[in-house]
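Chains A and B are the protein sequences, given in the same order.
Per this note's numbering, residue 258 is the first one in the first sequence, and the count goes up by one each step.
Per this note's numbering, residue 825 is the first one in the second sequence, and the count goes up by one each step.
No lab work stands behind these hints: they were computed from the structure.
Any given hint could be a false lead.
[What the hints assert, rightly or not] Pairs of lysine to any residue residues, derived as SDA-like cross-links and limited to a Cα-Cα distance of at most 20 Å, are as follows:
1) B/1014 to B/1077
2) B/862 to A/620
3) A/495 to B/1153
4) A/397 to A/607
5) A/289 to B/955
6) B/1153 to B/1035
7) A/620 to B/956
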Amino acid sequence: MSTVTDTKKKAPAGERVADWADGRLGIYTLAKANMRKIFPDHWSFMLGEICLYSFIIIILTGVYLTLFFHPSMNEVEYAGPYVPLQGQLMSEAFNSTMHISFEVRGGLLIRQIHHWAALIFLAGMFVHMMRVFFTGAFRKPREINWLFGFLLFFLGMFTGFTGYSLPDDLLSGTGVRFMQGAILSVPVVGTYLSMFLFGGEFPGGDFVARFYSAHVLLLPGIMLGLMVAHLILVFVHKHTHFEGPGRTNKNVVGMPLLPVYMAKAGGFFFLVFGVIAIIAAIASINPIWALGPYRPDQVSTGAQPDWYMGFAEGLIRVMPGWEINLWGHTLVLGVFIPLVIFPAVLGAIAVYPFIESWITGDKREHHIAQRPRNAPTRTAFGVAWITAYMIMLVGGGNDLWATHFHLSINSITWFVRIFFFAGPVIAFIVTKRICLGLQRRDKDKVLHGRESGIIKRLPHGEFVEVHEPLSQGELHRLTAHEQYAPAELPPAVDENGVERKIGRMEKLRVKLNKGYYGEDNQIAKPTVEEYKEIQSGHGHH
Amino acid sequence: MSSQEISEENLPAGQDTAHGAVKVADDPFADPGLPPHKPRIQDIDERAARRSERAVAFMFTLSMLATVGFIASYVIFPVDKIVYIWPFGRVSALNFALGLTLGAALFFIGAGAVHWARTLMSDVEVADERHPIEASPEVKAKVMADFAAGAAESGMGRRKLIRNTMFGALSLVPLSGIVLLRDMGPLPEKKLRTTLWAKGKQLINMNTHEPLRPEDVAVGSLTFAMPEGLSEHDHHFQTEIAKAALMIVRIQPEDIKDKRELEWSHDGIVAFSKICTHVGCPISLYEQQTHHVLCPCHQSTFDLSDGARVIFGPAGHALPQLRIGVNEKGFLEALGDFDEPVGPAFWERG
Ligand code: HEM
Ligand code: FES
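Bound conformation, chain A alone (with noise of 0.2 Å):
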């Protein structure tokens, strides 16, 4: 470009600079196809970004944390000037974390930034996981992506459960002690893991810089890979979008990447640091000096783990204590089943979309976001498994329910008990029934058009309200999705007589497949007759 020799003027200096660049790197390549990338625009779109950015959040204030933090078990005698914990003994680690509290400027901000930061990327992971699952986003090709956020979450919740032990407090500690305690429960190798783990004897001397490095290097590093590919994949794949005029599966529709997309996306960061900044002034998270250092033999009544862990705690709350001993040996059962219950409910969800690709044996790509309402059994089950984690939540703070609303912690344990069973299967029926409710009431907005509000008499004396046709846009947004037909078993003899095999697979396939789209599980769209037949008709009120 610029090594045209002849032209008098010199290119301006931020043109030689990309030239420079694009001679190395090859920039203009790269620009070229994503300067102006079309991004839609939902707001739903907007929580994979509030993950993002929180993630930056929490990576730039580690960063700081670690200027300051010691990760060391060694024991201290507090010599700050807090003045209620002077003289006591306690962890460098702790030691360290009030020194970040107390006397480095900004260093508290910072802890808290750090803290609530972390809740957030948290809870931003799970609503949008939620939204690329009730939108089925998740189709081909983005199957491999849904697993990375999925792992994302995973790891998030270990990174976040490694970050708030590393204090070493009187909280932090129960949880670790919650979780050595969980480890031995593994039958034979279970208390192999828990002298690895710590080096020994729970607390021992070694787990807080154990963690510190999984906290610091092993997990964010992983996850960084893991992000990175996500968003690489997001490029590829482009976004989804929801059906509308103009917007088909084999485009894309929205504003690019510069400026709008860029202004709006960059902009966004910077709120959302900045609405995390200000949350971090006013409301104070994980005081430590108020919890105090750990010691195995104490504790602080009304113990709870950050949010994203409130599942687990409440599997391990509502358990009944079983314990078998045979043969000299024990198995734990009270704590083993919810030890991997709690990894096989997540991991109901994260294999979702292999289970429905296979159930559809739809094999083309998707690139439109659906309607939670147009894919009635898909909803259905993830308002399902929300139900169960919702209620698990409830489970590990029931004594906080308890209290506040003067139950008995026996009634709640029951209440969870029963209801993580029932409370799913009443959410799938009622959820399916909503979404075909739903479908219902969009055939006959198609057909008869939208209520205006305004009453009309006719000739003959009846009251009738007005309806309005939709405009064609409208018309098409309610009718472009698809539907399936539902899949049927092959006639049991071939052509030629001979009896057909059917594998047991094909026939459950068949049969779950028939509980998605058959007959009562969606509502046939309306079609173009039906339409024009009521339009001429009697369509005029």
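Starting from the structure of chain A, add chain B with the ligands where the hints point.
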């Protein structure tokens, strides 16, 4: 599997077939194409556009002021100054000022940028085409051919000996890494079965650090004790107290329902492990009428008048009891270690 055959015909007609992007007279549901762009007030009225410009610039200016405020707060407010601010209560002045100014400095950059994008940058929607992620058959064929050529040139398929030994070497080499993890910790052996308690060790009051006499144990309260010889300054204090922590109560001997408990008590004084048998929290709450103790973590409740058996909650077995007596100096002493492991259950517990 036959799944493919069946499903193909059940797939919905791809909605793209309906997309002529023009209004088709006999299909009222056809895609009318992108709606025309509706101009904003800023697109038509230059005065409105200038107002937006000023608003954006104002927000960026606020951000600059906030950063100045941040630095000023850092310098002005002492780190230990506490102030009362309604409705937040007593807060650190420095933390409050730094957070708000930093928050405002960031927030107004964001608000300015978003306002700029929404009011002044083009909001015309554009469509980009999507291309299938899958490669075309030609590309695939080329890749397969390249791969076959590469594989053939390597001789992997022909020279089985090389292939097999390579796989062997590659699968063995990670073993070194696993072996290196061996020193992460010791083997469990009997470590979880024993505590510092032993015959003749006096019970030291956790609060006063004095040996306990029977008269020190009052009815209706929990007393916490640790074994004689252990000090908070010991290197292994945390690990030892995690197993040895003891709670002591006095119960009228006739109220003790469990025969062994009575035998192991001294004059109604019973000593139990303080570590919950569920997942190891220390027990801290005592209900003196019922002699129930409660673990605050997951509400396991144990009846100290009946062998500390579990009467509620997720714990799986009773709290271990320590056999106690009184030595010749009149102090409470242990008559041995616990006869079963304290704390959470594990596979080898039996
Ligand atoms: C990726 C997600 C991450 C999450 C969810 C997370 C979460 C947390 C949480 C909840 C705490 C407890 C803070 C408190 O209340 O005291 C913490 C502490 C800490 N984190 Fe992170 N963190 C993450 C990444 C990082 C990174 C990348 C670094 C450093 C490079 C880091 C450095 C630290 C340090 C040094 C502490 C201990 C200091 C203290 O507690 O004051 N974290 N983390
Ligand atoms: S640790 Fe005591 S009830 Fe769970």
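Given the hint that residue 289 of chain A pairs with residue 955 of chain B, does the C-alpha gap stay at or below 20 Å? The given pair, whose Cα atoms are some 16 Å apart, holds under the 20 Å limit.
Below or equal to 20 Å on CA atoms is what counts here, so check residue 1014 of chain B against residue 1077 of chain B. violated (34 Å)
Agreement of residue 862 of chain B and residue 620 of chain A with the hint, judged by alpha carbon distance not exceeding 20 Å: violated (38 Å)
With a cut-off of 20 Å on the C-alpha distance, tell me whether residue 397 of chain A and residue 607 of chain A pass. holds (15 Å)
Quickly compare the C-alpha distance for residue 620 of chain A and residue 956 of chain B to 20 Å and report which way the hint goes. holds (12 Å)
Do the alpha carbons of residue 495 of chain A and residue 1153 of chain B lie within 20 Å of each other, as the hint requires? violated (82 Å)
Compare the distance between the alpha carbons of residue 1153 of chain B and residue 1035 of chain B with 20 Å, and conclude whether the hinted pair is satisfied. Satisfied, since the Cα-Cα distance of roughly 10 Å is no more than 20 Å.
Violated hints, listed in ascending order, are 1, 2 and 3; each of the other numbered hints is respected by the structure.
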